[in-house]
Structures are given as structure tokens and as C-alpha cells.
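Here is what each chain is made of, one letter per residue.
Number of protein chains: 2
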Amino acid sequence: MQQSSDAADNILNAAEQLFALKGYDGVSVRLVAEQACVSKASVFHHFGSKELLYEAVLKRASAEFEALLGRLGGNTGNLRDRLSTFVKEHLTCIYDKPSLSHLLLREVLEPGSDVSYTKAAGVLGSSFAKLTAVLRDEKQSQTIKPETDPALLAYLLIAANVFFFQSQKFIQHMSEIDFAGDNSRYTEAVVTYLLDGVLSHSGVPADH
Amino acid sequence: MQQSSDAADNILNAAEQLFALKGYDGVSVRLVAEQACVSKASVFHHFGSKELLYEAVLKRASAEFEALLGRLGGNTGNLRDRLSTFVKEHLTCIYDKPSLSHLLLREVLEPGSDVSYTKAAGVLGSSFAKLTAVLRDEKQSQTIKPETDPALLAYLLIAANVFFFQSQKFIQHMSEIDFAGDNSRYTEAVVTYLLDGVLSHSGVPADH
DNA sequence: GTCTATATAATGATAGAC
DNA sequence: GTCTATCATTATATAGAC
Numbered sequence: 001m002q003q004s005s006d007a008a009d010n011i012l013n014a015a016e017q018l019f020a021l022k023g024y025d026g027v028s029v030r031l032v033a034e035q036a037c038v039s040k041a042s043v044f045h046h047f048g049s050k051e052l053l054y055e056a057v058l059k060r061a062s063a064e065f066e067a068l069l070g071r072l073g074g075n076t077g078n079l080r081d082r083l084s085t086f087v088k089e090h091l092t093c094i095y096d097k098p099s100l101s102h103l104l105l106r107e108v109l110e111p112g113s114d115v116s117y118t119k120a121a122g123v124l125g126s127s128f129a130k131l132t133a134v135l136r137d138e139k140q141s142q143t144i145k146p147e148t149d150p151a152l153l154a155y156l157l158i159a160a161n162v163f164f165f166q167s168q169k170f171i172q173h174m175s176e177i178d179f180a181g182d183n184s185r186y187t188e189a190v191v192t193y194l195l196d197g198v199l200s201h202s203g204v205p206a207d208h
Numbered sequence: 209m210q211q212s213s214d215a216a217d218n219i220l221n222a223a224e225q226l227f228a229l230k231g232y233d234g235v236s237v238r239l240v241a242e243q244a245c246v247s248k249a250s251v252f253h254h255f256g257s258k259e260l261l262y263e264a265v266l267k268r269a270s271a272e273f274e275a276l277l278g279r280l281g282g283n284t285g286n287l288r289d290r291l292s293t294f295v296k297e298h299l300t301c302i303y304d305k306p307s308l309s310h311l312l313l314r315e316v317l318e319p320g321s322d323v324s325y326t327k328a329a330g331v332l333g334s335s336f337a338k339l340t341a342v343l344r345d346e347k348q349s350q351t352i353k354p355e356t357d358p359a360l361l362a363y364l365l366i367a368a369n370v371f372f373f374q375s376q377k378f379i380q381h382m383s384e385i386d387f388a389g390d391n392s393r394y395t396e397a398v399v400t401y402l403l404d405g406v407l408s409h410s411g412v413p414a415d416h
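Chains as they are written, first to last, in the working numbering: chain A, 1 to 208; chain B, 209 to 416.
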């Protein structure tokens, strides 16, 4: 009976942080053991191998993140509110657990990893599917243009959030950018631009 | 006088491919030497250390990619054409040299890497700056709404392209997505959605 | 379950012959 | 400049005492 964490959990937590920061190849079992304040042998005792440890980290991360994303998409109201809420909450999920996000994103987006076998792909895929469903719904209600591809629009919104998270450090060094830390201003702008467009209306809408 | 490649170049090419695919920690000097058909010692003779080899790869990649991006932004015409051309050519640059793109993007976006010291950040930054300049130009001409942030819009367009490239493998496994391999259809949709918006015009534009 | 000690392979890097 | 042979160090993983 420990305060709140047994050894296996300590190891899992340490591994999660380290793998998230440096990737699988950048982390040694010795480092994980040090950070978890246990011996190397203890790590192998609990998880068998470095690969199995990594899989355990991924499995827990996927489940945890899936749970976070589970609440998304349940909103009602008009399109603007539904989308705005979805995108804002989606970005909040990502920033709420940055280690999990980095871990799962790397697994899905890195060229070396095999996407088809990865559970991480399911996590990103499920939020995308939900958003696509919302947009298909709105398309039937004719609130968005009939020539709009709901999947492509959903993909763009997810992309905007994911890239914003990924490039967080980068954009803090860019003088042109002043929305770096302002998540809600960013998501609002994304939704607004995509819904209304950025073109000035000189009386003439989309047209063709 | 060799046909077209001396040993140092062979090594650099092999290292570029491998680092792009597996990252710095995922590649050993032995592997680079094997792929370049030289001995390990030869690698150290030409580049001094693994770190210096990596830096040499990054340096060449940055210069090469910067040259590719150099042609962007020179287009004239209306906003739609300028943007459409820029975004399409930008994506073409990325896909033209996938190894360079992976290499530089990892350097900029990975949490473990130090952004401020990296030349790779300058490459991504310069294309962003160019696109921002184009949009600031158009804002003065009042072709885009005064409340639009040119930097944020430019960022979104770059994000759309970069994420499309990054998630290439992933989206091929998604049944909802049918624009996976169609780069020009994708960029056209991105530009159109952002310029015109996706909302149906029931007679009422942006409003307020 | 925890540890120390160890086995074995691979790592980055060097020495020195040719 | 090229290589083989070798160095010291670290890697993953195991053995076995407590």
C-alpha cells in the first residue's frame, strides 16, 4: 500500500515524459530508471524489455487521450458555436497533456513509424471522424456550401490545432507572430476565417 | 576527378536519407558508412564526429531548401491567383525533396531540439515571412478584410501544407479522406475555403 | 519485488598500416 | 584518403542474492 504510486507506475510516468521529449531512440533504460528512482533491473522486471515498456507507455497514453477526446462533439447550437467549441476544446485537450500529445503525434507523423499498426493513429483518427460527422450534419442542413468537402474542412481544423501545438516553440521566436500564446484567439480566428472567408465583400459573394 | 560524387558527398547523401527517416538518435555511424559504401573510419575522417556530420547534413539541407523556396512569392495578379500559386508551389517544394523536408521539420518541430540555434528555423521562417508580406500587401489594397491578421492567415496556409505533408502516410489509411494523394485539389480547397469561407450565403455576409 | 553484479553486443571514436 | 583493428563507453538484458 503506497501513497499513490507503485514502482511500475513511477517507471511508466518517467518513461512517458522522457519518450515524449526525446523519442524512443533518444532515451535509455538507465535514464528511465534514474528518473523513476529505481534500478535498471527493476524496469526490466516490470516491463520485460525497452520495446515493451514503450508499448506500455503508448497504450496508456492512447487510452488516456482517447478519454480526454471522448467529450468532444456533443455540443449543439448553430454551426459557428459547435465548431468554435469543438476546436477550442480539442486544442485544450492537446495542451492539457503535452507529453501524451507529443508521444502520439510523433508515432503518427514520423516517417519511420509504421502507421497501420499504431494505436496512436486511432486516437487522432477518432477526433477527426467526430468532427467530420459534425460537418456532414451541417452540410445536410445546408448551413455550409454544397461544394465543401466536410472531411477536408475537418482535416484543416485539426491540422490548424496540431500544427499550432507542434510549432509552439518556433513561433515564439517569430517577430511577425503575436498570437503565439493566445490559444483562444487563435482558434477563434481559424474558425472565423474558414467560415466567413477573409476576402472583402465588395457586394459580390463566392460567385462563379 | 570522380564521375559526380566523391566520398564525402556519398556519406552526406547517405546520412541525409537516414537521418531524415530515423532521426539523429536512430542512426548509427556504422549504418551511414554501410549505406555510403565506405568504412566507419572514413566517416570520421571527413566529418570529425557524428554531431558534426549531422550539422553538415543540416547545413546543406537548409541551403538547398532555401534555394528551392527562393522562387516563391514573385507572382502577381489578383489575390486568389497569387495565393493559389504560392501555396501550390510551396507544397511542391516540400514534396520535391521529402528527405530535406522531414529533416528540417523535425529540427524545428520536435520538442527536444533547441529552436533558437537552428538554421532550420530560418528556412521555415523565411517562407512564412514571404507569405506574410504578400498578405500585408493585399490587406493594404483592401482585398482582404481589415480585421484579418496577415501573419495568422499566412501561418494557417503554411500549416495546412506542412501538416498535409507530415500526415501523408496517416491519411492514406483514413476511409473518410479521398484527397490524400491529390496535392493540387487540396491546396485549391485550402485557398478557396479561406478566401470565400464555407458558410452558405443566405444573403447575409460576415456581419456585425 | 528490490537490488548489485555481470554478460554481451553495439556505440562513438582513434591508431596506425597502406 | 582508404582501410582494419582496436579503444573506452554505453546499450539492452540477465543472474542471482536478499
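One or more of the hints may lead you astray.
As the list claims (entries may be wrong) - Each computed BS3-like pair below joins lysine-lysine, with the alpha-carbon atoms no more than 27 Å apart:
{"id": "1", "chain 1": "B", "residue 1": "K230", "chain 2": "B", "residue 2": "K347"}
{"id": "2", "chain 1": "A", "residue 1": "K119", "chain 2": "B", "residue 2": "K377"}
{"id": "3", "chain 1": "B", "residue 1": "K305", "chain 2": "A", "residue 2": "K145"}
{"id": "4", "chain 1": "A", "residue 1": "K59", "chain 2": "B", "residue 2": "K327"}
{"id": "5", "chain 1": "A", "residue 1": "K130", "chain 2": "B", "residue 2": "K377"}
{"id": "6", "chain 1": "A", "residue 1": "K169", "chain 2": "B", "residue 2": "K248"}
{"id": "7", "chain 1": "B", "residue 1": "K327", "chain 2": "B", "residue 2": "K353"}
{"id": "8", "chain 1": "A", "residue 1": "K88", "chain 2": "A", "residue 2": "K50"}
{"id": "9", "chain 1": "A", "residue 1": "K22", "chain 2": "B", "residue 2": "K338"}
{"id": "10", "chain 1": "B", "residue 1": "K267", "chain 2": "A", "residue 2": "K169"}
{"id": "11", "chain 1": "A", "residue 1": "K145", "chain 2": "B", "residue 2": "K347"}
{"id": "12", "chain 1": "A", "residue 1": "K145", "chain 2": "B", "residue 2": "K296"}
{"id": "13", "chain 1": "B", "residue 1": "K327", "chain 2": "A", "residue 2": "K22"}
{"id": "14", "chain 1": "B", "residue 1": "K353", "chain 2": "B", "residue 2": "K305"}
Claimed, not checked - To spell it out: a stretch of chain A is covered by chain B in this simulated footprint if at least three of its residues, at any positions, have a beta carbon under 8 Å from a beta carbon of chain B; those stretches are:
{"id": "15", "region": "32-44"}
{"id": "16", "region": "49-60"}
{"id": "17", "region": "63-69"}
{"id": "18", "region": "125-132"}
Claimed, not checked - Ranges between beta-carbon positions, derived for each pair:
{"id": "19", "chain 1": "A", "residue 1": "A133", "chain 2": "B", "residue 2": "S392", "range": "37 to 43 Å"}
{"id": "20", "chain 1": "B", "residue 1": "S334", "chain 2": "A", "residue 2": "R185", "range": "38 to 44 Å"}
{"id": "21", "chain 1": "A", "residue 1": "A180", "chain 2": "B", "residue 2": "S247", "range": "43 to 49 Å"}
{"id": "22", "chain 1": "A", "residue 1": "E51", "chain 2": "B", "residue 2": "H381", "range": "49 to 55 Å"}
{"id": "23", "chain 1": "B", "residue 1": "S392", "chain 2": "A", "residue 2": "R185", "range": "57 to 63 Å"}
{"id": "24", "chain 1": "A", "residue 1": "A63", "chain 2": "B", "residue 2": "H381", "range": "39 to 45 Å"}
{"id": "25", "chain 1": "A", "residue 1": "D137", "chain 2": "B", "residue 2": "E242", "range": "26 to 32 Å"}
{"id": "26", "chain 1": "B", "residue 1": "D217", "chain 2": "A", "residue 2": "G48", "range": "21 to 27 Å"}
{"id": "27", "chain 1": "B", "residue 1": "A249", "chain 2": "A", "residue 2": "R185", "range": "53 to 59 Å"}
{"id": "28", "chain 1": "B", "residue 1": "S334", "chain 2": "A", "residue 2": "A63", "range": "26 to 32 Å"}
{"id": "29", "chain 1": "A", "residue 1": "N75", "chain 2": "B", "residue 2": "G256", "range": "56 to 62 Å"}
{"id": "30", "chain 1": "B", "residue 1": "D214", "chain 2": "A", "residue 2": "R30", "range": "37 to 43 Å"}
{"id": "31", "chain 1": "A", "residue 1": "K59", "chain 2": "B", "residue 2": "R238", "range": "43 to 49 Å"}
{"id": "32", "chain 1": "A", "residue 1": "E188", "chain 2": "B", "residue 2": "Q380", "range": "30 to 36 Å"}
Since the hints were made in silico from the structure, they are not lab data.
The beta carbon of each residue, even a glycine, is placed where N, CA and C say it ideally should be.
Going through the hints against the structure:
Restraint check: the Cα-Cα separation between K230(B) and K347(B) comes to about 42 Å, which exceeds 27 Å; the hinted pair is violated. Between the alpha carbons of K119(A) and K377(B) the distance comes to roughly 14 Å, so the proposed pair stays at or under 27 Å and holds. Pair hint K305(B) plus K145(A) does not hold up; C-alpha atoms about 36 Å apart against a cutoff of 27 Å. Restraint check for K59(A) and K327(B): not satisfied, since their Cα atoms lie roughly 35 Å apart, outside the 27 Å limit.
Of the pairs offered as hints, the one joining K130(A) and K377(B) holds, with about 20 Å between alpha carbons and a cut-off of 27 Å not exceeded. Of the pairs offered as hints, the one joining K169(A) and K248(B) is violated, with about 36 Å between alpha carbons and a cut-off of 27 Å exceeded. Restraint check: the Cα-Cα separation between K327(B) and K353(B) comes to about 34 Å, which exceeds 27 Å; the hinted pair is violated. Note on K88(A) and K50(A): the hinted pairing is violated, with a Cα-Cα distance of about 36 Å set against a maximum of 27 Å.
This hinted pair does not check out: K22(A) and K338(B) have alpha carbons roughly 32 Å apart, beyond 27 Å. Distance check on the hinted pair: K267(B) and K169(A) sit about 21 Å apart at the alpha-carbon level, within 27 Å; holds. Distance restraint check for K145(A) and K347(B): the Cα-Cα separation of roughly 26 Å lies within the 27 Å cut-off, and the hinted pair is therefore satisfied. Among the hinted pairs, K145(A) with K296(B) is consistent with the structure: their alpha-carbon atoms are about 23 Å apart, no more than 27 Å.
A C-alpha spacing of about 20 Å is found between K327(B) and K22(A), which places the hinted pair at or below 27 Å, so the restraint holds. Our distance criterion of 27 Å between C-alpha atoms is broken by K353(B) and K305(B), whose separation comes to about 35 Å. Under the rule that three or more residues need a Cβ within less than 8 Å of chain B, the assignment of the region 32-44 of chain A is violated, with 0 such residues. Given as covered by chain B, the region 49-60 of chain A fails the check, having 0 residues with a CB less than 8 Å from a CB of that chain where 3 are the minimum.
Counting residues of the region 63-69 of chain A whose CB lies closer than 8 Å to any CB of chain B gives 0, so the stated coverage by that chain is violated, three being the minimum. With 4 residues bearing a CB less than 8 Å from a CB of chain B, the region 125-132 of chain A meets the requirement of three and the coverage assertion stands. Taking the beta carbon of each, A133(A) and S392(B) are about 27 Å apart, not inside 37 to 43 Å as hinted. Remark: the range hint 38 to 44 Å for S334(B) to R185(A) is contradicted by a beta-carbon distance near 25 Å.
At about 47 Å, the CB distance of A180(A) to S247(B) agrees with the hint of 43 to 49 Å. Under the hint 49 to 55 Å, the C-beta atoms of E51(A) and H381(B), about 23 Å apart, miss the expected range. Roughly 32 Å separates the CB atoms of S392(B) and R185(A), a value that falls outside the hinted 57 to 63 Å. Taking 39 to 45 Å as the suggested C-beta distance range, the pair A63(A) and H381(B) does not conform, at roughly 20 Å.
As the Cβ distance of D137(A) to E242(B) is approximately 54 Å, the hint placing it in 26 to 32 Å is violated. In this structure, D217(B) and G48(A) break the distance hint of 21 to 27 Å, their C-beta atoms being roughly 43 Å apart. At roughly 55 Å, the beta-carbon separation of A249(B) and R185(A) lies within the given 53 to 59 Å, and the hint holds. Judged by the Cβ atoms, the range 26 to 32 Å given for S334(B) and A63(A) is violated: they are separated by roughly 41 Å.
A hinted range of 56 to 62 Å for the beta carbons of N75(A) and G256(B) is consistent with their spacing of about 57 Å. At roughly 40 Å, the beta-carbon separation of D214(B) and R30(A) lies within the given 37 to 43 Å, and the hint holds. Between K59(A) and R238(B) the C-beta distance comes to about 32 Å, which lies outside the given range of 43 to 49 Å. With their beta carbons about 32 Å apart, E188(A) and Q380(B) fall inside the hinted range of 30 to 36 Å.
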